[in-house]
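Peer 1: Chain by chain, the residues:
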Amino acid sequence: MSQFDFLKPKSRQIEFEQFDDRILTFVLERERSFLTCISCGGCTATCSAGNLTSFNIRKIGLSLRRGSINDLSDEIQKCMFCGKCTLVCPRDINIRNVVLLIKKRIAQLESEKTL
Amino acid sequence: MTEKRNIAIIGAGIAGQEAASVLAGLGYKVTLLEKQERMGGMLNKWSKLFPDFSSSQQILDTVQVSANKNLSVICNADISSITKENGRFELSDNSSLKVYADLVLLATGYNLFDATLKEEYGYGVFENVITSVDFEKVHKSGKKLTTLLGKEPRRVAIIHCVGSRDAKSGNTYCSKVCCITGVKQAIEVTRMWPDCEVFNFYMDLRLYGSKYDSLYLEAQKHHKVQFIRGRLSEISERQDKGLQLKAEDTLQGRPLRMNADIVILLVGMEACEQNADLCRNNTLDLDENRFFKSKNIHYARNISTQPGIFMAGSCICPMSVNETLESSRSAAFLVDKSFRSVQVEE
Amino acid sequence: MENIISIPFLVGMAYLFIVLIFRCIKWIAGLSKFDKIRLLKSITGRRLFQSIKETFMEALLHRKIFRKNPVLGYMHMSLAFGWFLLIVVGHLETMMAEHSMFVPFHKAVFFRYYESSGDFYLSGFFAFFMDLLLLFVLSGLMFAIVKRFRKKLFGLRRTTRLKSGDKIALTSLWLIFPLRLLAESTSAAVYHNGGFLTSGVGFVIDFIGNPAILYYPLWVAYSLSLGFFFAALPNSRYMHIPTEVVFIFMRNAGIRLKKQNDSYTDVQVFSCSRCGICLDKCQLSVAGIDDSQSVYLLKNIRNKNLSDEKLFNCQMCGRCQIDCPVGIETIELRTVQRIESTRDYNSSYDYLIQEIATKADVVYFAGCMTHLTPRVISSMKKIFATVGEGVWFMDEVKAPCCGRPLMLAGQYEAARKLIENNSRMILDSGAHTLVVSCPICYKVFKEDYKLPDVEVVFHAQYIDALIASGRLMVDAIGLRMVYHDPCELGRGMGMYEAPRRLLGRMGEVVHMKDEKEYAYCCGGSLGNIKITEDERKLLRNQALVAYESYSPDVLVTACPKCKKTFAAGRKMKVLDVVEVVAGAILAEKPQKVENPLAEQDVDALAFAPDMTCNL
Chain A
1 MSQFDFLKPK SRQIEFEQFD DRILTFVLER ERSFLTCISC GGCTATCSAG
51 NLTSFNIRKI GLSLRRGSIN DLSDEIQKCM FCGKCTLVCP RDINIRNVVL
101 LIKKRIAQLE SEKTL
Chain B
116 MTEKRNIAII GAGIAGQEAA SVLAGLGYKV TLLEKQERMG GMLNKWSKLF
166 PDFSSSQQIL DTVQVSANKN LSVICNADIS SITKENGRFE LSDNSSLKVY
216 ADLVLLATGY NLFDATLKEE YGYGVFENVI TSVDFEKVHK SGKKLTTLLG
266 KEPRRVAIIH CVGSRDAKSG NTYCSKVCCI TGVKQAIEVT RMWPDCEVFN
316 FYMDLRLYGS KYDSLYLEAQ KHHKVQFIRG RLSEISERQD KGLQLKAEDT
366 LQGRPLRMNA DIVILLVGME ACEQNADLCR NNTLDLDENR FFKSKNIHYA
416 RNISTQPGIF MAGSCICPMS VNETLESSRS AAFLVDKSFR SVQVEE
Chain C
462 MENIISIPFL VGMAYLFIVL IFRCIKWIAG LSKFDKIRLL KSITGRRLFQ
512 SIKETFMEAL LHRKIFRKNP VLGYMHMSLA FGWFLLIVVG HLETMMAEHS
562 MFVPFHKAVF FRYYESSGDF YLSGFFAFFM DLLLLFVLSG LMFAIVKRFR
612 KKLFGLRRTT RLKSGDKIAL TSLWLIFPLR LLAESTSAAV YHNGGFLTSG
662 VGFVIDFIGN PAILYYPLWV AYSLSLGFFF AALPNSRYMH IPTEVVFIFM
712 RNAGIRLKKQ NDSYTDVQVF SCSRCGICLD KCQLSVAGID DSQSVYLLKN
762 IRNKNLSDEK LFNCQMCGRC QIDCPVGIET IELRTVQRIE STRDYNSSYD
812 YLIQEIATKA DVVYFAGCMT HLTPRVISSM KKIFATVGEG VWFMDEVKAP
862 CCGRPLMLAG QYEAARKLIE NNSRMILDSG AHTLVVSCPI CYKVFKEDYK
912 LPDVEVVFHA QYIDALIASG RLMVDAIGLR MVYHDPCELG RGMGMYEAPR
962 RLLGRMGEVV HMKDEKEYAY CCGGSLGNIK ITEDERKLLR NQALVAYESY
1012 SPDVLVTACP KCKKTFAAGR KMKVLDVVEV VAGAILAEKP QKVENPLAEQ
1062 DVDALAFAPD MTCNL
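Chains as they are written, first to last, in our numbering: chain A, 1 to 115; chain B, 116 to 461; chain C, 462 to 1076.
Hints are computed from structural coordinates only; laboratory data are not their basis. Each hint should be verified, as a subset may be incorrect.
[Unchecked claim] Label pairs and their calculated CB-CB ranges:
id	chain 1	residue 1	chain 2	residue 2	range
1	B	Q172	C	A926	56 to 62 Å
2	C	R932	A	S111	25 to 31 Å
3	B	I412	C	R1031	22 to 28 Å
The C-beta atom is built at its ideal place from N, Cα and C for all residues, glycine as well.
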């Protein structure tokens, strides 16, 4: 029945008052360009990992900016670092650095056992 | 008092011609300089205009000027330098042409973005990838848009923001007219081929003008044009010369692959490369998008940073046809005002 | 009482020796078992002589700096080699005067303080020669002082910043030889035991003041400056002098950098003399980035304060490594630091599933970046079709990345997962050749993939071989071309000639000042993870301006990333080598043509306007 999970009345609201900025702040302090995303999806479309999996780098970035860091740990692992996203980004966001920073911050939080 | 009435206008597109006829009508001596063989400029490349599908030829015919005692036209004059000496401007091209004037009006217009620079979109590599200007050419010829092999397209994709709002192309500004052009061309494709599916790929739809939204509505309602919010990342070619597009349907949050027979790239407007040349030997300046800089973008949009040089049309920023014409009339008014104030002082 | 003046010197010297011995023991202990055996074998075998020779040539004569920059070379040589000779000749002189093979070390250093008679065999010669050597060292010192304040005279744009340990060592080093001159000159004035220089200066001292009073304080000051220098040395940049010797021995023993820090990393780090040659080579400075260059990387490793911001702000282009006079592997060292820094968050790529490989003779792997330069792919397809090669285009629809970008980011373990997956696919295809058109992929396929019986070839090599064997015919298209060496292909893999040879078949490849190992980086390198796009443009423009000055018809490169980067500069037409070839293909061999009608066809094809050559 698991394919009908979506029918369960689980709230999918973005709880903005529970904003978890622990990763976002870390990234923004080190990569300001991350702020300028307009969610055009060019990165996800060209993504080598996204070609093979459900990896969606744009959505990861958007979740972070909405203060949600759930399931990020498994998702961000999928990136292959090939750099195509960075090469197509119309906003010149240094996406490879964003991924590196997210990975680093998650590793930090995991070692502190707070994630 | 009447000697100082010579005006040189660079560019005989619709902006230059409109200003020329207004100023000549006011009794000034106008020299209209055009780098091409004939007047009309970029509008010559267009077939029909948004939002009403009126003929661009009609506009060209309406603004068309002809030489008279107050107006002389010099074609094949590629002005590359403006110098001010003894209170007069000297305009010269790379050969021996020299034109003197008391005031200069820039109406140099724009360039089209070179779509080959966006190599991942395959323009110049895959034959079925064309630009919006190529489409206008087909439309103007009265023929129907077909694939390279002459077949009826079953699906056409129209790509917004090619060379606009794209740091990688070096243009971070919005060209403003492409969105509505995309809607117009989508309708024109379905009018050519009623069974053809048309998809517009956009980042943001910027349909700012009067009656533009009704055209958008018409495209959806009567022509089943579909709009996908996602920036195209790349195009590849299949064995049969059909195209495969990769984008993300950002509203779905999933990457999307689509086959299409023809892709139309809505190429943006860029400042002319010669603008930089014209800024030498005077205090003309360019803005961050390489268009001519206005003294003030609100109340002095047509006034350049060099006293005595005015601007009209899309050499200031991307403009539609009606904005261009308004801009050049406004420029003509300011030129006239400037002459009058000089006369009062004298 | 007389010996008191040598105490500061002896204390400093003893401290230095203890530290050096301790460090050496630590370094050797930190090597792996195999490396220890390698080192032992090398110092007992023939390699010993090579190491000694290299120590002499590089650590004393500074041959490599000499070649790069003769003035800077002279400065280093006069100080190092001059001082070395002063010690050796001074010792000989003392032995001669004492008539003994064994003289205490300090006796030789302060010879003219102790020796008052000046009456022994060859004493005149020694006095002259020692003065000459002192003059030699002083001339080098003069250059060093001038360099500190007027670096431009040395053709250096920048030099390194100093920390406090360096300042003590530098000041005492600068004082040693002038003090020695003054001390020996007062001795010469009192005892008349000097050569041409010290006698002369002694005469002047005698004229101005009283040498008998100045004599003792000057010798104490000389001893103090020596003592201070030796004591400060282990905590200063001058530690590079003894460390370089260890480095040379270890390198010649065949010890290499590992994928983690060990004492060989340490030895390389401490071998850096901070000469600043790498700063001058680094293009990041045109973008105003002045704190992450190799010399600073080494300093930060030494001081244990290396931040990610600096570690990852490097193009990994290798321009600094080419000219390092000590031979420090700056790029590999940085890679190791990146591995250490990201070790905690490598990816597993569990999702990779084995796709079914297609059987083919040749596999073509375009690479991620090449998918954004479709003209390269269509040109490759055209060539494969023309020669009728049975090719499997492995990543036409989808495939994992080659792994090299991960490696550049330090994620070696993660990269291995991709490598394993891709290797299996390639081996399953049964191909004998793997063709790649991206230098980033080429490097990793060549160096890190284990593909027995599969020849990995770069597209330029592959096409050149096709033409050489007559399978592909190209026409001379008379283009004047500037060829940009991609970092990963040139300095990274040493491939400079194959693309040039290939282009030379079709047109003229312009020779340039900064080419091959000295080629610019395009600015787009995947190696740099921190640089902003605007900064990248400044690097790119530096290269473009240089290339523009040769006014070529076209700028040719062999890397999709370089191509995209340069094309965005909009200064000139940019093509990949394969596009040039695709625009010059002859459909048939002309000599095979028999009827005149067909000949016309060939001509028509040869002159058919082609997108890629229609400039």
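Peer 1: Hint by hint, note whether the structure agrees.
Peer 2: Here is how each hint holds up against the structure:
Hint check: Q172(B) to A926(C), Cβ distance near 57 Å, so the stated range 56 to 62 Å holds. At roughly 57 Å, the beta carbons of R932(C) and S111(A) sit outside the given window of 25 to 31 Å. Judged by the Cβ atoms, the range 22 to 28 Å given for I412(B) and R1031(C) holds: they are separated by roughly 26 Å.
In the structure shown, a violation is registered for the earlier hint numbered 2 alone.
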